[in-house]
Amino acid sequence: MSYRIGVDIGGTFTDFCVFNEKTNELTPLKVLSTPATPGAEVFEGMRQLGERHGIEPSRVTGFTHGTTVGINTVIQRKGARMALFTTEGFGDVLELARLRMPDTTSLFCARPEPLITKERVFPIAERMLADGTPERSVDEASVKAAIAGARAKGCVGIIVSLINGYRNPAHEQQVKAIVERIAPDLFVFCSTDVWPVIREYERTTTTIINGYIHPRVAGYLTSLQRALKERGVRAEPLITKSNGGVMSAELGKRACVGMVMSGTASGVMGASYVARACGVSDAITLDIGGTSADVALIDKGKPQFGMGEKIGDFPLYMPTVSVTSIGDGGGSIAWVDDFGVLKVGPESAGSDPGPACYGRGGTRPTITDAFAVCGFLGHAPLGYNAVTVDPAKARTAIETIAGKLKRTVEDTAEAIIKVAISGMFVEINKLGARYGIDTRDYALMTFGGAGPMMGCFLARELNMKRVLVPMAPGVVCALGGLIADMKNDFIKTVYLDAAPAAAKAIKATYAELEKKAVAWLRSEQGFKGKYTLTYSADMNYQGQSFEIEVFLDAKKAKAGDVRHILSAFHKAHEAIYAFSDDNAGARIVNLRLVIAGALPKPKFARLRKSTRPPKPAKQIEVRFDGKRHKVPLYHRADLLAGQKLKGPAVIAQDDATTCVPPGFAGTVAAHGDIILSKRG
Amino acid sequence: MAIDKVTLQILANHMRAAAENMAYTLYRTAHSTFVKETEDFTVALTDPDGTTCAVPLDLGATWYPGLYYGRAIRMIDRYEEGDIGCTNDPYSGFLATHPPDLHLWKPIFHKGKVMGFAVGHIHNTDVGGAVPASLSRALTEIHQEGIRIPPTKLYRKGKLNDELLGVMLTNVRVPEQNWGDLKAFVGAMNVGERKVKEMLAKFGPKTFSEGLDALLDYAEHQAREVLRAIPDGDYFFSDYNDEDSPGGHPCRFALTLKIRGDEAVLDFTGSDPQLNSSINIPTGGDPRHTLMLVGVYYVLTTMNPNILLNSGLTRPFTCVLPEGTVVNPQFPAAVGMRSMSCGRLRSLIYGAFSQAIPERMPAAPAGSSSIMNVMTTDDRTGRRILAAINPIVGGGGGMPHGDGSNGSGADSAYLKNTPVEITEAEVPVQVLRYGLKPDSGGAGFMRGGLASWMDFKVFSPHSKITARNRDRSKFRAWGILGGKAGQLSNFIINPGRNSEKILGNTDFVVVDPGDVIRIFAPGGGGRGSPFDRPVDKVLTDVERGYVSVAAAEREYGVVIREGTVDRNATEVLRAERRAAEPQGRHFDLGPERETFERIWTRENYDDLTRLLAKLPVHWRFFVKTKIFDAANAAAASGGGAGIGVDALYRRVREEIPELRRMAG
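Residue numbers (this note's numbering), protein chains in the order written: chain U, 6 to 685; chain W, 835 to 1498.
Simulated from the structure, these hints should not be mistaken for laboratory data. Be aware that a few hints might be false.
Result set (BS3-like, lysine-lysine): computed pairs, CA atoms no more than 27 Å apart in a straight line [said to hold, decoys possible]:
hint, chain 1, residue 1, chain 2, residue 2
1, U, Lys123, W, Lys1250
2, U, Lys83, W, Lys1371
3, U, Lys606, U, Lys632
4, U, Lys307, U, Lys608
5, U, Lys123, W, Lys1291
6, U, Lys606, U, Lys305
7, U, Lys315, W, Lys1250
8, W, Lys1036, U, Lys348
Produce the complete structure using the sequences and hints provided.
So this is what it looks like as structure tokens:
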């Protein structure tokens, strides 16, 4: 026997997905997260895997890990105390940001306080021009003064980000060398080493996040490596990245910023893998957990990537799997305002105390409590005995607002579900409009602990015809880690007019990027297998102040074929914005290259087939559409491939509960995933 | 109300989803960078009467949740499925508020009956007229401000009105851009129609219609709740634009806010006569015109962040807008730059509310955002370049719970800047400095937000710099409750050189190679006594370079020597300064305004208002100017303070016999 393990730490639960390389079986497991002692949940899970499933650490050939240590460090603002060295005259880059406020309708709007406040920003006397020629060389005295200032402020690390450094990193490198010489005890990151892209705020803030989380992430990964080794796991742990790939834990200690969004990204990767396995290429993924609800678009089998995803209060300008938050998940609190209108969220009971029905001290009614009152929950323990549901506690909580609505408790519970669904409807509608797609053409892929519970109701509201419920909806993120490639992004800002004269520069830049990429994969990661290279360019029409990513044919890109690049750009612009202009001048802002080394993918086991109707475990009473209904309750483990079932029904399993309203009919697919279709 | 409160929330969500869908569609498919960068557009859904019921929150301008389409809609006789109406004429139904804003409305039918309209506006970069971009403060009548389309069908039964389009596009400077944006805009209307039809299928026409009424009632209720929590009373305030026309006299806006229970009257009597420039605000005297209530929306949202944005919010408010004034100009007054006056109207409204609920309101936000454009030549390529560079925005006012935000904020929070690196890659200029201006925020227990500041150099001869919306270079953003007014804005060529030129309120200048342009915004007002600001916060401000050592001592009474606070000296100085502070003043208006108001007292303004109201509209601005000239002449000869308007008017009448004849 040999096993590969994917582990993903979430707000409430930590999910394990174990893949048996011999039998192709997946074993899911959930344990409660321990935010106070990050890492403890990993070892608790390993212990349980050994105890319950006989999985020995020495048999583990692969260990992939998604962690929230990075993002939590930013959210809780517990990162390293650092100084920023920047070009004289531009020290307010962090305070000004991009000027626009997160909330534009309140007089009390405010930008979040930067991770490095102004008293720790030090001017460097130097200036690089926009074309990369130095106008004023680095004044060493100003660097020394900055170092002295940083020391006086108790900083442990330095971020160097200079104006126009993206064009010529020489000055940043010079400053770094001086810091390393004079203050070797301070860590130092240059913006052009982390992500050398035009736009000073974006580049600087991305580099700061990298430095800010560096000591904690490095400490965490070191202790993880050590503890796994002590327990007998010989495989070097891999860390899932925001770009949907993985890297070695060793590398993650310095390239920390690449893993900030690891959990959400690998959820989407896992979901797209399962969708493909079900033969679905266009899907909207819906990941609802106890503390978050996220959606993402999978178009023609591919997740979308973007830059500028939010990390706590700050945007991160590195390629990240695009995920949109649509609320706070099952823990969102229902309340009644002074006009008597029922509201759900934005306040959330979070993971502590959590929903009232979890019996962990929560008293206010949440979405999860509404489902409990309606009879959908409480038929099987949730999260592998981590939590039991007490519907009586849910009733008590919902009673507190039922009076204000002049409704019965059941009526109120159902109203909470409806209002919550309509709130999510707004967000998914926006997502559709943003991408210019008709959501009715997409399948809804539900996962996370609460996704399958709400998925069909949401699909109904959105007029979506198909809903997918994966075999193990609770551990799709962990699965995402198991199927990921060894992957990294490379970028260079060229700012070229897309004209024949640019060919030489394009060719040279791609050659340089390829050299870097291969070196990363072969030397830094020690990866020996096959790899693919994906070429793209960030382009715009002259005068536009934003770019779109244009995917290019590898051969033509490498050859600097500007005609190909231009026509690909016009096509991409047409696809996104519904117009293009062949006569307008276009510009290549950045050239990009992604390297991906393929790791072996699990093949899912096929379920035993059956043509007989599935047998319900029992009949239960649930409430929806204003009435009580007697409906069959199925255990997921009893369902066999090819079996069909009709709504209304409830399917219970260890890590999630699936609600099937009337009008939906389900088929169990070959690997055990359920495909629900709406009739009519 | 028949609809239940659960269905109401669900309908509210669906309406918002429809509005957001329209907004994202427009934003995504619009051609002009202008639309994408400034988001100067709106979309909305109205009831069959043309009353706005739902707007998006993610994208678009924040001024129009209370916009009324009814008057314009009814200027077209009848509608059929597939029709789309349009207008950009500020004087046809008082829908469009200046000619660059083109409004569309599309009726949505159910079984032959209009159930509502999908509506919106888009700001075209240019609609023809006297100047590129169609906007200049110097224009004096609407005919100079571009082509005007009265309410007309752009589409009839789904078919484009080619002739109208032809006329429109023939009259503008960048027709392909207007047409590109218009296509995206029509797409958004169609999305709105489709989404409403989906709602009609889901909720049924009866629930839908009742729901729209209930949504308006809901917002009205929320607005009334906010008002009920505000003490009854009359609260008077006035505020000024620096100039009523290029190089002109100050332009006054006056407001008496009368709170009575859950209702409020906003009486703008005392505001200047309609102006011979383009900063008039076209309202048609509509007592609930959205432009007059933008400041109110901000107050309501600030008091209750969960408030539903639609026309219901405007119901408890009644504006008094005397005809022939800057807030209700008669045709054909120019209105293109009404945004400048709208900015001042907002601070006027905040000032009135701050007297009613001082504990909950901030001091004045900076109140002026200069939109910077550079037209120059790239010497390497010979290419002419017209580019927008950073907007220069001031800070927010000191808040009850924190300092004003720096560099932008409060009611100018929607503006984005351009990265220095993009500007330098794109435009042949070099930015020497872009940051916050030390000491620009009004001192206070809660400091006013700092102004943004940019210095840049040009390399090519005859480079043209415009700084649209320049203001607050003469009158400051006021402080409250002991807080001080913020610093003034300025616009300077070659600061510190022999060739230095201070441009103040000017908004256009031509510069040559090597010239340095410095521009900085006004700072926000402070809130609460600066002598109560914790010493450590003052020290932090000094360490951050937000406040200089000298200002810490002068404004805050905090003595800092070699980086540390001299606690004893500070205590002594603060006690001294506190004792010398004037007591019981709500506002600190700044020395410039205090000087101005030594002549232009409230009584004098009351007399002026009465006197001008008796004159025919076309005489008023002229007479105001003459009276101010006379007052300035009197002041110059030492007889300024105490002089009455009647005396001044007599001098003017002596000088101008025609006026004597006409006014009797």
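| message | Checking each numbered hint in turn, tell me which of them this model violates, lowest number first. | response | 3
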